[in-house]
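*Asks:* Assembling the complex is the task here: the two chains are given apart, and the hints tell you how they should meet.
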Amino acid sequence: MSPRLFLHVFTIQSRKLMSYRADFWVSSVFAFLTELAIMYFLWRAIFAESGMDRIGGFSFEALILYYVAAILLGKLIRGNDRDVTVSTDIYEGSLTRYLLYPSSYFKFKYAEHVGTMIPSAIQLVIFGVLYLSLSGAPADVHVTPATVGMTVISVAVSNLLHFALLYPIQLVAFWADNVWSLNVMFRFACMMLGGLLLPLSMFPEWARPVLNVLPFRYLFDVPAMTLLGRHSVAEWMTGVAASLLWIAALGIATRLIWNRGTKSYTGVGI
Amino acid sequence: MIRYLRLYLHFLRFSFSRAFEFRLDFYFRILMDCVYYSVHLAFFAIIFARAGVVGGWTLDQTYIFVCGFLVADAIHMTIFANNLWMLPVFINRGDLDYYLLRPVSSLFFVSVRDFAANSFVNLVIAAGLVAWAIARYPEPLGAVRIAIFAGFILLGAFLTYLSRMLFVIPVFWIHSSRGLEDLYYTIDNLAERPHQIFPRWIRWAILTALPLAFVSSVPSHVLFEGLTIERLAHATAVTLGLFAFVVFAWRRGLSAYSSASS
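For the record, the sequence lines run as chains A and B. Be aware that the first sequence starts at 1, since it is given in the working numbering, and climbs by one per residue. Be aware that the second sequence starts at 1, since it is given in the working numbering, and climbs by one per residue.
Only chain B is shown next, with the shape it has when bound in the complex (with noise of 0.2 angstroms):
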């Protein structure tokens, strides 16, 4: 454990100094999440200037989802979103052999070795949001719920790298990943939204099989409502069940990588 937290230090070294080279684009990043941010922000409020509830959610609860939303995204942008872009590229181009040849994980080398120092800073601003959405809640939230959110978000964000990597894996035997990649960023908007706005066919899907629901929406459920025993189990199932899942297509990704001629 102490060797990996140790590489991932490295890891946060190289990734902040590369960030550095390439200051401009390192700018032009985060006003591009600003502007995504500002998009997510004005779409709802665009709404609710003309709708009281959606979902049965208020303004002041629809920003605590949107800006929970926000800050799983740039958790998902800053840690593993650079390395899941290049790693269809490393597969078929058989770069894959450099994170083989390591005497570590080679799914957590893959997974984490690019830290995206930009996203960073997009992640200070979405968390100031966050709480800006807390404070402007007309009822007192309580510490212990808070806590117990970021904790259900730190974990969105972790079942968003899951989710996306559902889709990278594949290209260890079909190549292509352009439409796998349209294909997810698609499905993720689903993350986008409060889950009980959708039939329970789809609410189904979003909680179980591709728990976007859990990014933002059962977090901010968990704010609301309270956290409950069934809940709890529900999100912990959920992600051993796609964690153990996700690993092992990765073997059997692995044992069909062919290097170069793959």
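For reference, chain A alone in the conformation it holds in the complex (with noise of 0.2 angstroms):
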């Protein structure tokens, strides 16, 4: 797929996405505003029952910016995840057209998915700035020139790491006439094992070698603390090799996914 044809599909897909900014809008300010103070009241009330200054190694501030990192990035590694549509594409029959394009198809639904993001970094922008400006960045947490590079870095691969997460389960769809509940399982799953509804370093000790070697760390948890200035260089980049070789060993599954799909794919739809 040519540089040009993806920058197409993606301008096009956040354009789409943009053009209802009412239910941008909604969404962003409402949903960010909701699930950030469900976390801050829940905590609240966990480190003033328990009297506690630190828990999992966070203070209570530190804990909050944590939370409103990893909404915000988790935002744009997951993208509009609802709009990843291969089920539907080979549920409906409408994957026929794309089998006639002169490019890939995984790269065309890449490059929709890319699109989506930019409706979630323009939110990353506007309340991550607002968020470190009016509170500030606590004692425990180092935000500088240098973590940001890398959390763009980290984002852009969990971003592919995500999609490459995904999109074999979508594709579950030649064979199962939907797939909706395993994408809703795996959003479960993501949040949960990802780092989205508790810093991993809460888990027990127990837990921990299970969580590292699955994907999932490398979602949310890895980028939102890399941001924070919890992860050194070293963890960084063993952490982006690490799902660089993820997106490689789930590409090759994908291929033969794929390639016993599309011989079971009858292109007649519902």
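Read the hints as simulated data drawn from the structure, not as lab findings. All of these numbers come straight from a predicted model, not from anything done at the bench. Certain hints may be false.
[Claimed, not checked] Covered stretches of chain B (chain A as the covering partner; in silico rule of three or more C-beta atoms under 8 angstroms from a C-beta of chain A):
hint, region
1, 22-36
2, 40-51
3, 54-67
4, 183-189
5, 198-209
[Said to hold, decoys possible] Here are the simulated distance ranges between beta carbons:
hint, chain 1, residue 1, chain 2, residue 2, range
6, A, 149, B, 231, 31 to 37 angstroms
7, B, 86, A, 11, 31 to 37 angstroms
8, B, 105, A, 107, 49 to 55 angstroms
9, B, 97, A, 207, 50 to 56 angstroms
10, B, 42, A, 11, 38 to 44 angstroms
Note that the Cβ used here is the ideal one computed from N, Cα and C, for glycine as well.
*Replies:* Here you go:
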């Protein structure tokens, strides 16, 4: 796929999302504030009742900043996962026209997926800057130009990793009539095991080795912790390398599923 | 009333036979809800490994609260959710005509026509979880209190439906459902936490205007502290008020509905 075509698909998709401005602002402002408020009041109660200064290596202020970072970066990394329409294309038979295009279907869909990141990028800048300027960074958090730079790279890799994880799930539509529940299951797993609901440092010791071998931690926890200056350069590089390895492995698996799936694809649709 | 019951039995029969036509999806959905339940329980288990109390509740009390929420959610998913997901599509495409032409209440018909057979299996699992949470509770709770708790959970499921309707009905005027849907599913997260952790103004909101605290938080309080006349009157007033408002909004929405061009 040529970079020009990639950019074209990306632009169309981002314009499509931005065209519903009321929806965009309602969902972005309220969703962010509500998600953050729930975590804020929950942890405020926990800190107040336990009398502890730090839980799981976080002060209360640092933990809230972690959630700000994880929620906003998470939106950027997931893009708009509901707009990944691979299963719908297979189910409705509209995949046929893509098969006739002189371009990779995977790349086409990834360009669309990247296009859904634009609204999230706008939200990240607005809310991130607003939050930091209103509350300031707590003493145990060190956001620097270097951590921001490393996070940008992490986000790009994590976004591709998220898509690489989601794509084979969508391809199950070659054999199943509805994969919506698999998508939702994947979303729950990402939220819990990726660090959106809780920083992974909160998990018990016995769970850490399991979390370390799974790809989910590279989705939200690693980028957020990198931004907050809690990962060294070496840890960050290990994270990026591990993500790339996962992407390569998933790429091979996806290729196999795609080859088998397209053989059973009839193009009839519903 | 008998006519409505007979009609509902027909809905059940159609829904079960349809669910078994898509067997793989049927099992996927059961698995999906099991993952959802695990996430909720694990979230609080991890927190309680680090803190002894959340919102004045112990782990045992919180498990009852979480499992109560899962039951209310499963009831909502079984009876109402599928219908409410499709309602904006019906309104925008003009498919609502089909429902309006039937000789029964259109609100009843659109709200309960599709019974989610797969979620019914999950309802059984969620009920098992709440039974487990009550059984492991260190003090005796008493059959009467447990029965009242169960009644309040049913009410919570109904209030979830009414709250969700508040975010679906505006589609009659604004046509796009996506922002409202996102908004509801974000606000709905308030029901997943004990309401006493929130400041007064949020507590007021989720105990009156959008009564998400009644999904499981208030029922759990009733179970642990007993039912008072004030609480019963509050629950009755909130339910009747919200139900009347939803019926009123539905009628106004129907008068704005112009079939396929809506």
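*Asks:* Check each numbered hint from earlier against the structure, then list the numbers of those it violates in ascending order.
*Replies:* 6
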